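2 protein chains.
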Amino acid sequence: MKPIDNKKRRTWWAVPFIAIIGLTLYGCPSQQNLAGSSDAAQKVYVAPGEHDEFYGMFSGGYSGQMTVYGLPSGRHLYTIPVFSQAPVSGYGYSEETKPMLQTTHGFIPWDDAHHPEMSQTDGVPDGRWIFINANNTPRVARIDFANFQTAEIIEIPNAAGNHASPFVTTNTEYISAATRFSIPMDEETLENQDVSISSYAENFKGTLSFIKVGEEGEMNIDFQILVPGFNYDLSHAGKGPSADWSFFTSYNTEEAHTLLERNASRNDKDFIAAVNWRKAAELVANGEGREIPAPHYRNYMDHNEQRAKSELVETVTVIDPIENPGIIYYLPTPKSPHGVDVDPSGRYIIGGGKLSSVLPVHSFEKMIEAIENEDFEGEVDGIPVLNYDSVIHAEVENAGIGTLHTEFDGKGYAYTTAFISSEVVKWSLETFEVVDRIDTYYSPGHLMIPGGDSMQPEGKYLVALNKITKDRYLPTGPELFHSAQLIDISGDKMELLLDFPTDGEPHYAQGIAADIVKERQIRFYQLEENNHPAATKTEADTRVERDGNNVHVYMTTIRSHFAPDNIEGIKVGDKVYFHVTNLEQDWDVPHGFAMLGARTAELLIMPGETRTLVWEPQKPGVYPFYCTDFCSALHQEMQGYARVSPAGSNVPISYGTGN
Amino acid sequence: MKPIDNKKRRTWWAVPFIAIIGLTLYGCPSQQNLAGSSDAAQKVYVAPGEHDEFYGMFSGGYSGQMTVYGLPSGRHLYTIPVFSQAPVSGYGYSEETKPMLQTTHGFIPWDDAHHPEMSQTDGVPDGRWIFINANNTPRVARIDFANFQTAEIIEIPNAAGNHASPFVTTNTEYISAATRFSIPMDEETLENQDVSISSYAENFKGTLSFIKVGEEGEMNIDFQILVPGFNYDLSHAGKGPSADWSFFTSYNTEEAHTLLERNASRNDKDFIAAVNWRKAAELVANGEGREIPAPHYRNYMDHNEQRAKSELVETVTVIDPIENPGIIYYLPTPKSPHGVDVDPSGRYIIGGGKLSSVLPVHSFEKMIEAIENEDFEGEVDGIPVLNYDSVIHAEVENAGIGTLHTEFDGKGYAYTTAFISSEVVKWSLETFEVVDRIDTYYSPGHLMIPGGDSMQPEGKYLVALNKITKDRYLPTGPELFHSAQLIDISGDKMELLLDFPTDGEPHYAQGIAADIVKERQIRFYQLEENNHPAATKTEADTRVERDGNNVHVYMTTIRSHFAPDNIEGIKVGDKVYFHVTNLEQDWDVPHGFAMLGARTAELLIMPGETRTLVWEPQKPGVYPFYCTDFCSALHQEMQGYARVSPAGSNVPISYGTGN
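These protein sequences, in sequence, are chains R and Z.
Using this note's numbering, you'd call the opening residue of the first sequence number 1 and step up by one each time.
Using this note's numbering, you'd call the opening residue of the second sequence number 1001 and step up by one each time.
Do not rely on the hints blindly, as some may be mistaken.
Examples of chain R residues toward chain Z, derived with CB under 10 Å [what the hints assert, rightly or not]: (1) SER84; (2) ALA264; (3) ILE322; (4) TYR626; (5) GLY640.
Simulated from the structure, these hints should not be mistaken for lab results.
For clarity, every value in this text was computed on a predicted model and none was experimentally measured.
Here a beta-carbon is modelled for each residue, glycine too, at the ideal position from N, C-alpha and C.
Isolated chain R, as found in the complex (with noise of 0.2 Å):
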């Protein structure tokens, strides 16, 4: 259709709900937009010994990590332990790591991960840094891309369910995070929260939170803004016009406290609330906004001297618009919006009505034109509310039917998901007209193009991540892995490839060409650079110290072997801390270490590596420890024993290798 003539416009959003929940029940497409299989066997085939031209980083949902897939092949390349305990390498299990977890209700060995967002510079991904959201324990984690690590874990407070998060500002200033379930908030003390959950519309607040980012990537909460107790869901920054605002949708301004598949679906509108956080960065630097007590964590790697520190910060710089008005608007949107997306011109601001059978294209240069003509159809909490019919620029009509998420190929055209229809939707930005549509298997919530939500796409790939997989794959009982679907969009017809299956549940994902990443990585860490204060840099200086009931074991180890690797002296009720260093430094040979009946996981040590696990044997004996990574011909001798005497036994600490 025609951007919109305000006059003639007509409400398509009202979607009856009854028809909407009826449809839950996703009728299969019976028809694939194949592209023909020979083609797409060779278009998506890398050949052993050749690289895949995009990685895929992908979040794991409710596995807490981050994935990562190689484009076209669908191959799951590696996992990032971000968010979750990861028995496969130790972490959240080693002294060096457990910081990594700890929050103010305690050291949390889980999280729900959804929206990958990489760093960018003048809005195009740079190849940086890779940013997360903790759903459940409010967090955000910064990956670092040098070393495919987690570099750093802040800590969300005043909020619940961060979900509109981590998404990025064009030069990375700032990244997004919000209350996604709203909560009590007494600004004076944070102590009274204790109220009961029926005086939701009178007690119950959310947050917008801005986290400022530092020149080596550190995440600092610079300020929060104080919201109605709304559902807030996703966000986007601006860009080009538009790159000083801030965009969220918010679902539940009914303030529903229950039953909300009922209670939050009644208004035929929500809202996606504008920030202008270039304007209340400057209001705090100013000294606007109050300091209030908000504990909360902020978790780093310490690089030099490779371990996880915690630091506590004690308050966060809150602005409530009643008191600084100017920063935000709200503007009317149909209906329980999901995603919001900008147009890499920074000139459109696409809501993802999931009740909505329109779906509706803000204009941002009409939306400043309302905000200066003061149009506003009334206000909450301070926030104004713009003009629906001033601000919208097109409703696309036959967009799909619960339209959830939009990207861009950078040649003037989006591409939407619809969850209940199942497909992918692409349309004009020029006409505002659907000018092809693909079926997927099945429900997509969100899509990724690689560079689709910057300002320079690269339009070749688009992946459908979709939430019902069924038949799509041989069958793995009664859980099964989600599915992914790769569709060719560089041709005027989106093309199927392939159906790959991804750990977890990806909700979206970020891609990336090859090169930039490459190009920034490290392959090993240097051995001379390892401050860690237990690091072992020699065999000569391995040794093990008692210092009262815990014994320090410094260790290492080099192909095939461990020094010590013959171990007496400890006694029942000891704590063991085995402080190993991996002496290699060659890319690829990691090793690892466990021991028989350690209540933690192993370690895995990159080269040129400390990593420290903690024993405490129960019952004397003589108890073997072993590499767990087959580093060569001889790993299987790769061995040692450690003695366990009684308690108050004699047995003095003696070690050594080799005799």
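Given chain R's structure and the hints, the job is docking chain Z onto it.
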């Protein structure tokens, strides 16, 4: 070469040790035996909507889990949680699954899973179960193909490093386990194991364990055989004529206890132990052997109550070969043999002499003859050592350097991996001559042909499980996934088709035709058969009950709400049990349950299933919970709140949904 004329045989296996060490630098093969790229692409492409031909069941190695890949696509279809905590589903965190990880050393959240092995009937994989060993804290698990979940884990006492496990006899009468690391054993008391490591030769012993498998798959240790303090590395049962026997490789017959890479590589020959398990079992059934204290756990999923239970078994029966001759013999085998593999006819026993330049093939027929003739060259701890010359059938020359494992294609050929020369070598079971070889990238450990260690291999594909990855994929920092390579073995010449990365470190894998497994599967749990004590089968039965400081929430999930979804009356200091029953009765409709600040993982609850999360809130407030698995168009609305009041508060328990 021809079968050996013993008189003329030369000692090919005396490879200088230093040369081996030098080769551990893994020179990279420079050419690839690649199938035409177009041809290979077609062969591995599984078009959207189609299914892979084979299930590949891969061990996760240091992930502790089992991973499922589709073949020929190489797609990662699923991960089965076995020995390690799995934050992704709550395995090892939920109350129902924690007992599965109980050991006599306490709750252990991790292990190192090495060898998947499918149940067999008449020597052919039957698709009922798949077993896998834990190498670190010795255990064996049984996974049910009906639901791809771990059904049982049994601990192995009197052993350390259970590596030569869990290989099945041809009708799954027994599965094997064994000491990799020998340990001090005092049969009488089991207490007096606090001995000096340097007394190894005197005090350290090993055991070979035979686990009996019942009709329903239940595992019990029937007996253990006392053996000298060597390292036992791998095993395989015989077949056909040799079906009553099992074979175990040993290394470290030097009985070194330090720097084994040097000290355990001195002997020119180590041993393959041949055990007549049927005879041993008869002896035990007739009251032979000694019952000794050997506490160990047997953990199993109670399918009626849908939760794991632990039972402690106090003793085990041990047979000493000195007292019970005729059950075990040693076959001298060059040099530090790793794998031991029996060909489909059951006539040949192949030892993977990892430091040997020839691949030794023993004859079962000659072995029996030598036993009958008492053709012994000596004896170790009551175990006769057969004459090498009397039992050897052939020495395959030019089979590569660092030969480890052999599988079979059922068409008269064997395929052996060579770790150091990085190749797979195909040789004839008629002529014992090498007929083809293909480079691998890089050093392969095990290899897998579907059914390739059974009496009925399906000789279409071979998977090489490589240990060194380096440049095979887009780099992911210092840590890389290990790499598998799919090779077409349907023709005379092997053809490399595909590289695919693998999660953890797959040591071994098994493959099975998809149809056999598909037929046996369930897609969801019947709600009416759920007899979990805390199951809540209708929304009307949902409730919250206080019992002292324990609060039990009997909760249900159905698209798209929890009942109850508002809970009050919880106090700081309470332990809250969320018993969540998923009322759905359809395939692929799990719901998740996550609680802000819970110091545990989420629950992922399959249809018809009940799972329990424990939450100990630390401070007053109102905390949201929500569904973590995108279940419907209104999934984002699937949430609730729990109010926590201070300890001593008089807020009564109350709850509701949809008020």
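The hints, checked one at a time:
1. Interface restraint check for SER84(R): the shortest CB-CB distance to chain Z comes to about 4 Å, inside 10 Å, so the restraint holds.
2. Hint status for ALA264(R): holds, given a least beta-carbon distance of 5 Å to chain Z, under 10 Å.
3. Checking ILE322(R) against chain Z by beta carbon gives a least distance of about 23 Å; that is not within 10 Å, so the hint is violated.
4. The restraint placing TYR626(R) at the interface with chain Z holds, with a minimum CB-CB distance near 6 Å, inside the 10 Å limit.
5. The criterion of a C-beta within 10 Å of any C-beta in chain Z is met by GLY640(R), whose closest approach is roughly 7 Å, and the hint holds.
Of the hints listed earlier, the one the structure fails to meet is number 3.
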